[in-house]
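These protein sequence lines map, in sequence, to chains A and B.
Residue 57 in this note's numbering is what sits at position 57 of the first sequence, and the numbering runs on without skipping anything.
Residue 81 in this note's numbering is what sits at position 81 of the second sequence, and the numbering runs on without skipping anything.
Be aware that a few hints might be false.
Pair by pair, the computed Cβ-Cβ distance ranges are [unchecked claim]:
#	chain 1	residue 1	chain 2	residue 2	range
1	A	Glu94	B	Ala3	44 to 50 Å
2	B	Ala11	A	Arg87	35 to 41 Å
3	A	Ile95	B	Ile163	46 to 52 Å
4	A	Arg87	B	Val89	22 to 28 Å
5	A	Pro3	B	Lys24	33 to 39 Å
6	B	Tyr144	A	Leu86	22 to 28 Å
7	B	Ala63	A	Lys54	28 to 34 Å
8	A	Arg87	B	Asn25	19 to 25 Å
9	A	His96	B	Ala63	42 to 48 Å
10	A	Arg87	B	Arg91	40 to 46 Å
11	B	Met1	A	His82	25 to 31 Å
12	B	Val15	A	Asp93	27 to 33 Å
Because the hints were derived from the structure by calculation, they are not lab data.
Computed from a predicted structure; not experimentally measured.
Note that beta-carbon positions come from the ideal geometry of N, C-alpha and C, so glycine has one too.
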Amino acid sequence: MIPLSWLIALSAIVFTIGVVGVLVRRNALVIFMSIELMLNAANLAFVAFASHLKSLDGQVFVFFVMTVAAAEVAIGLAIIVHLFRLRETVFVDEIHLLKG
Amino acid sequence: MLAVLFVGFAALLVVTSLMVVLHKNPVTSALFLVLAFCSLAGIYLLLKAEFLGMVQIVVYAGAIMVLFLFVIMYLNLQHDVETGVQIAVRRGIGWLVGALLLLVGATLLGAPAHGGSGWALGPANDELPGVEAGNVASIGRLLYSRYLFPFEITSILLLVAMIGVIVIARGRTRRPDESSRRASEGA
Numbered sequence: 001m002i003p004l005s006w007l008i009a010l011s012a013i014v015f016t017i018g019v020v021g022v023l024v025r026r027n028a029l030v031i032f033m034s035i036e037l038m039l040n041a042a043n044l045a046f047v048a049f050a051s052h053l054k055s056l057d058g059q060v061f062v063f064f065v066m067t068v069a070a071a072e073v074a075i076g077l078a079i080i081v082h083l084f085r086l087r088e089t090v091f092v093d094e095i096h097l098l099k100g
Numbered sequence: 001m002l003a004v005l006f007v008g009f010a011a012l013l014v015v016t017s018l019m020v021v022l023h024k025n026p027v028t029s030a031l032f033l034v035l036a037f038c039s040l041a042g043i044y045l046l047l048k049a050e051f052l053g054m055v056q057i058v059v060y061a062g063a064i065m066v067l068f069l070f071v072i073m074y075l076n077l078q079h080d081v082e083t084g085v086q087i088a089v090r091r092g093i094g095w096l097v098g099a100l101l102l103l104v105g106a107t108l109l110g111a112p113a114h115g116g117s118g119w120a121l122g123p124a125n126d127e128l129p130g131v132e133a134g135n136v137a138s139i140g141r142l143l144y145s146r147y148l149f150p151f152e153i154t155s156i157l158l159l160v161a162m163i164g165v166i167v168i169a170r171g172r173t174r175r176p177d178e179s180s181r182r183a184s185e186g187a
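Take the sequences, apply the hints, and build the full model.
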């Protein structure tokens, strides 16, 4: 049996890596991948607690999170493709139309 | 044996997710992300979540990452150019925030909440419900009984996402850009 604390620590580390990726990178696609990392860290925490509490509800929640993540990725990538058509860039700090 | 496998998968997961963030080439980042998802699927299997392990491989490593790679290659991106003082400052701030977050997490995890380990939230059941039927069967039974309504809602969510993607990716119909006009002339 894997200790719960190891799993939660791993989840925290992966989540932090995702946060750093969002803050550090400029490429919108890599930022998206970092968001996926954070979602997966949350999923790992769900599965860890589901396994600890011997309950399947956490795994069902992970299923729902995966569905939402799939929808989010599809829409986000469509937005990025559209943005690239309009602005010829995917670097987020070159997209500052709202800054005025 | 279980612990050794877990440590191996966990190390692979951390290293590959770091490479996702650190590597300059988006295609390489995406491929490392595939590896990260596969090691996460391994951890799910170790936790006896077979259904999620399979779905992780099929949905994440299969569908989502193929979509990512398709878009990256469609946009034909070069390596990221990350130089300049402003970017260096922002990168430093990003790492600082990450270190702070990890510190907060470590403090929270290190402090025992209620006396003992601080981990056990409520009593842990002894038996997994319907474990003899297998993980996939019991999750399916749960999805179609207790979680039937959310399950149906997700299908509507996916439909909405599909329509939204088509509308966004089609672009403007009023003022077609050069490529779509050329495509319509060719048709």
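To see whether the hints hold, each was checked on the structure:
In this structure the hint that Glu94 (chain A) and Ala3 (chain B) lie 44 to 50 Å apart at CB holds, the actual value being about 47 Å. In this structure, Ala11 (chain B) and Arg87 (chain A) meet the distance hint of 35 to 41 Å, their C-beta atoms being roughly 39 Å apart. A C-beta distance of roughly 25 Å is found between Ile95 (chain A) and Ile163 (chain B), which places it outside the suggested range of 46 to 52 Å. Against the hinted window of 22 to 28 Å, the Cβ-Cβ separation of Arg87 (chain A) and Val89 (chain B) comes to about 24 Å, which satisfies the hint.
Separation of Pro3 (chain A) from Lys24 (chain B) is about 36 Å and conforms to the stated range, judged on CB atoms against 33 to 39 Å. Taking the beta carbon of each, Tyr144 (chain B) and Leu86 (chain A) are about 44 Å apart, not inside 22 to 28 Å as hinted. At roughly 30 Å, the beta-carbon separation of Ala63 (chain B) and Lys54 (chain A) lies within the given 28 to 34 Å, and the hint holds. At roughly 21 Å, the beta carbons of Arg87 (chain A) and Asn25 (chain B) sit within the given window of 19 to 25 Å.
Checked against the hint of 42 to 48 Å, the pair His96 (chain A) and Ala63 (chain B) fails, with Cβ atoms roughly 33 Å apart. Judged by the Cβ atoms, the range 40 to 46 Å given for Arg87 (chain A) and Arg91 (chain B) is violated: they are separated by roughly 23 Å. As the Cβ distance of Met1 (chain B) to His82 (chain A) is approximately 50 Å, the hint placing it in 25 to 31 Å is violated. In this structure the hint that Val15 (chain B) and Asp93 (chain A) lie 27 to 33 Å apart at CB holds, the actual value being about 28 Å.
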